[in-house]
Amino acid sequence: MIVAQFSDIGYVALLAALLVSAYSAVAAIVGRRVPALLTSAYRGVIAVASLVTLAALVLWLSLLNHDFGLRFVAETSSRSMDTLALLSAFWGGQEGSLLFWATMQALLMVLVLWKHRAQYPHLMPVIVAVLLSVQTFFLFVLTMVSNPFERVPLAPGDGRGLNPLLLDAGMRIHPPLLLTGYMSFSVPFAFAIAALVTGDLGRSWLKALRGWVLLSWAIQGAGLLMGAWWAYHVLGWGGYWGWDPVENAALLPWLIATALLHSIMVQERRGMLKVWNLGLAIGAFVLAVFGTFVVRSGVISSVHSFSLSVIGPYFFAFLTIVVLGAAGLLIYRLPSLKAEGHFDALLSREAGFLANNWLLLAVAGATFWGTIFPLLSEAIQGTKVAIGPQFYKQVNGPIFLGLIVLMGIGPLLAWRRTSRPSLLHNFTWPVVAAVAVTLALLALLGFATAGAAIAYGACTFVLGAIALEFARGVRTRKRAGSGPLRALRSLVAANRRRYGGYIVHLGIVAVAFGVIGSSFFQQTADIQLRPGESYTIGRYKVTYSGLSSYREPGVDAVAAALRVEGGNTSTLQLQAEKRVYTNWEQQPVTGVAIGTTFPWLDDVYILLTDSSTSGAAQVASFRIFINPLVSLIWFGGLLLLAGTVVAVWPHGLAVRRALPTTVPVPGGSLADA
Amino acid sequence: MLRTLTLRASAALLLAWVLVWLLPTSALAQSQDQDLNQKVREIALTLRCPVCQNLSVADSPSQLATEMRAVIRQKLEAGASREEITQYFVQNYGNGILLDPPKEGFTLLIWLGAALAVVAGGLLMVVRVRSALASKAISTLPGECALPIVERDRYEAMLDAELSLYKSGEF
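So the sequence lines, in the order shown, correspond to chains A and B.
All the letters of the first sequence, read from the start, carry residue numbers 45 to 717 under this note's numbering.
All the letters of the second sequence, read from the start, carry residue numbers 72 to 242 under this note's numbering.
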């Protein structure tokens with residue numbers, strides 16, 4: 045006799061969603077001619093979203109109720125986990141991650157439908173059909189191949205628990221952000237396909253497309269930064285980005301979206317790069333699906349795990365269909381995708397954007413190549429090779445440098461053609477400042493770190509260019525009598541896209557400062573200390589005071605108390621821990637002690653590597669890193685998000701009354717520059 | 072004139088850049104007067120921790136990596152060179168122990184592939200812009216007039232227009 049379980053509701057909901065989703069996708073296409081079917085398809089979207097959300101809720105409840113009869117629950121949670129940890133166990137495994145992806149995409153579909161249904165009645169059927177097809181694929185995988193509601197015959201008394209590395213707070217935010225980012229790339233993709241299918245290749249939907257790309261870009265960017273923050277605080281190797289396949293896979297769609305955000309402006313202003321932009325929107329989605337697939341399955345580490353992975357062939361087939369279908373459509377529409385304008389000069393805004401796209405795609409290409417190369421090597425040569433961080437640093441480092449320089453030049457170039465006087469007018473002071481900083485750093489630090497001197501010079505150039513831009517705007521407004529702060533505010537308010545963009549660029553520069561500082565000037569030492577002894581590293585003296593231990597449900601921990609002095613900063617009290625979790629004894633987790641010093645902004649990063657609590661000696665081994673400027677990376681990340689918010693903030697809130705935003709200017713509004 | 076100069080300069084820059092990649096990695100990482108710790112770390116940074124996912128022996132907190140660092144230190148103290156130590160680990164663990172693909176044999180492909188992608192992309196871009204420039208005509212979009220082009224001027228015009236409103240007290 046079969047007894048129905050609570051979790052079966054989830055599975056039935058997924059099955060029903062699969063059927064409704066497949067039906068509605070077809071109905072939406074046919075509905076372009078039969079209005080009644082179209083209405084039914086749109087209702088189907090809401091039905092799918094409700095059913096998938098129901099399934100997600102059932103999985104969450106099963107986790108909270110410790111239903112270890114579910115294989116997924118038994119593998120990702122245990123009784124000793126608290127409520128928050130149980131809730132985040134949802135994305136602790138492949139099945140849950142895919143379900144989360146599908147749920148978020150279903151909800152996003154409702155949002156897209158609600159927002160654009162009346163606005164783009166001719167595009168909407170195709171957009172909905174594409175989004176539903178993607179959803180149908182994920183539901184198929186969830187019901188047939190990678191089922192989160194699979195039951196085991198004999199429920200264990202307790203689950204295995206989540207990998208302790210994933211118990212950190214960063215893990216509660218980072219994976220859902222990335223999964224949400226990944227799935228959100230399906231909207232720009234759907235817009236691109238809808239444009240190609242309907243033949244509406246004009247500009248009417250460009251603004252909406254740009255909005256969705258910006259949203260995906262921001263979510264994915266936040267996810268990447270959270271991932272870096274998590275790695276820095278939890279993994280304990282002193283760094284935040286290791287060019288690991290999973291990190292690379294998440295970076296790729298973000299890079300493509302960054303390129304698209306820039307090149308789309310060329311299409312808005314000049315009607316150029318149409319094929320290119322559609323290609324980027326499609327490419328970003330393909331890479332996002334690739335990333336979703338890579339992130340949990342571990343396929344990239346070996347050809348064998350690829351062929352062994354159950355979901356591998358399905359994802360591969362799906363990606364093939366997407367790539368071939370999209371490429372076919374693009375070729376079919378090629379004749380109607382003629383550019384309206386063309387390049388007038390090498391020194392022009394549009395050429396700057398083109399160079400930006402070239403460099404961003406070069407980073408993406410090199411990163412993709414490095415990520416899949418081990419697979420190729422194993423398939424062709426039979427031997428595995430490792431592609432370590434050095435490859436990426438050596439190849440991508442200079443490209444990023446080029447991008448930074450371009451970030452200073454690009455915004456000051458005029459559309460079409462930049463005159464030489466305006467070039468001199470804009471660039472003299474930033475260039476002088478950049479050269480001065482580079483020479484000063486060379487004199488101060490020597491030629492061994494010439495790379496850092498040059499990179500900081502480039503950053504100075506960008507800062508100078510942006511500062512000049514703000515200063516001129518504010519000065520002009522101040523002349524009219526308002527205070528500097530008010531002038532700044534009204535300046536930004538009148539030109540959100542432009543100044544939001546500048547703030548994002550400032551954020552990128554801050555991140556670059558941190559990355560350059562920590563990659564060129566990191567110091568490290570492995571030491572052994574007795575209580576009361578100290579060690580001097582750089583300008584800091586680290587003193588070890590002693591060990592203590594404590595016990596919490598599911599955890600045994602040893603903590604070493606440390607004091608950091610020197611560098612004219614106030615004394616820091618830090619605690620480095622080593623935690624051993626039940627069921628995961630082989631994998632002790634380090635509680636890294638991190639303290640940021642002022643005004644140097646050095647991170648003192650201390651790891652407890654070994655300790656003996658037995659006896660009175662309490663000898664402990666530490667690994668100490670001095671990571672300069674890493675905190676600027678997190679600050680830059682916040683600036684990046686703030687800039688995005690400024691750029692997308694809807695017009696007409698509060699400031700609109702204060703400022704006339706529609707000023708008659710010959711040649712159109714600059715607000716979309 | 073300026074145009075050809077810029078093109079040549081960018082071509083030279085591209086070439087120099089790619090050449091830098093093909094230098095041996097160690098030549099870039101070398102610096103004078105390091106203490107033993109630094110030397111151990113530099114060698115350990117080039118070796119992959121065999122029991123971790125994508126971490127170097129220098130960065131890995133694992134037991135095995137700690138032991139490997141001790142081996143490197145011993146060998147350095149015994150006077151072994153960087154190459155000898157690397158060779159020792161390759162003999163024991165195979166080529167897979169190297170974190171960075173050697174710039175020779177099959178793995179040279181990865182460096183060449185990356186270089187090719189960058190250069191091809193750059194050339195494609197330059198060719199595209201050039202062919203458009205060759206037509207010389209100033210392009211206009213339907214519904215747009217060919218105005219004085221300098222964006223900044225328009226931008227400042229916009230500011231001035233706002234300012235005059237400001238002064239006339241319409242705020």
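Hints in this document: simulated from the structure, not taken from any laboratory.
Just so it is clear, the structure is predicted and the values come from calculations on it, not from any experiment.
Virtual Cβ for every residue (Gly too), placed ideally from N, Cα, C.
Worth double-checking, as some hints may not be accurate.
[Unchecked claim] With a cut-off of at most 30 Å between alpha-carbon atoms, the simulated DSS-like pairs for lysine-lysine come out as follows:
1. A:437 with B:174
2. A:428 with B:110
3. A:251 with A:382
[Stated by the list, open to error] Between beta-carbon pairs, the in silico distance windows are:
4. B:135 with A:596: 23 to 33 Å
5. B:159 with A:50: 33 to 43 Å
6. A:491 with B:187: 23 to 33 Å
7. B:154 with A:464: 30 to 40 Å
8. A:654 with B:187: 42 to 52 Å
9. B:142 with A:615: 31 to 41 Å
10. B:122 with A:577: 29 to 39 Å
11. A:468 with B:165: 50 to 60 Å
12. B:154 with A:617: 42 to 52 Å
13. B:154 with A:441: 51 to 61 Å
14. B:179 with A:578: 44 to 54 Å
15. B:159 with A:468: 31 to 41 Å
We went through each hint and held it up to the structure:
For the suggested pair residue 437 of chain A and residue 174 of chain B, the alpha carbons sit about 15 Å apart, so the restraint of at most 30 Å is met. Note on residue 428 of chain A and residue 110 of chain B: the hinted pairing holds, with a Cα-Cα distance of about 27 Å set against a maximum of 30 Å. At roughly 20 Å between alpha-carbon atoms, residue 251 of chain A and residue 382 of chain A fall within 30 Å of each other, so this suggested pair holds. At about 29 Å, the CB distance of residue 135 of chain B to residue 596 of chain A agrees with the hint of 23 to 33 Å.
The hinted window of 33 to 43 Å between residue 159 of chain B and residue 50 of chain A is violated, with their beta carbons roughly 59 Å apart. Distance hint check: the CB atoms of residue 491 of chain A and residue 187 of chain B are about 31 Å apart, consistent with the given range 23 to 33 Å. A hinted range of 30 to 40 Å is violated for the C-beta pair residue 154 of chain B and residue 464 of chain A, which are about 53 Å apart. For the hinted restraint 42 to 52 Å between residue 654 of chain A and residue 187 of chain B, the CB-CB distance of approximately 47 Å keeps it satisfied.
Taking 31 to 41 Å as the suggested C-beta distance range, the pair residue 142 of chain B and residue 615 of chain A conforms, at roughly 37 Å. Distance hint check: the CB atoms of residue 122 of chain B and residue 577 of chain A are about 31 Å apart, consistent with the given range 29 to 39 Å. For residue 468 of chain A paired with residue 165 of chain B, a C-beta distance near 58 Å keeps the hint of 50 to 60 Å intact. A beta carbon spacing of about 45 Å between residue 154 of chain B and residue 617 of chain A agrees with the range 42 to 52 Å that was offered as a hint.
Taken as a hint, the range 51 to 61 Å is violated for the pair residue 154 of chain B and residue 441 of chain A, whose Cβ atoms sit roughly 25 Å apart. The hinted window of 44 to 54 Å between residue 179 of chain B and residue 578 of chain A holds, with their beta carbons roughly 48 Å apart. Distance hint for residue 159 of chain B and residue 468 of chain A: a CB-CB separation of about 58 Å, inconsistent with the stated range 31 to 41 Å.
Violation of the numbered hints given earlier is confined to hints 5, 7, 13 and 15; the remaining hints are satisfied by the structure.
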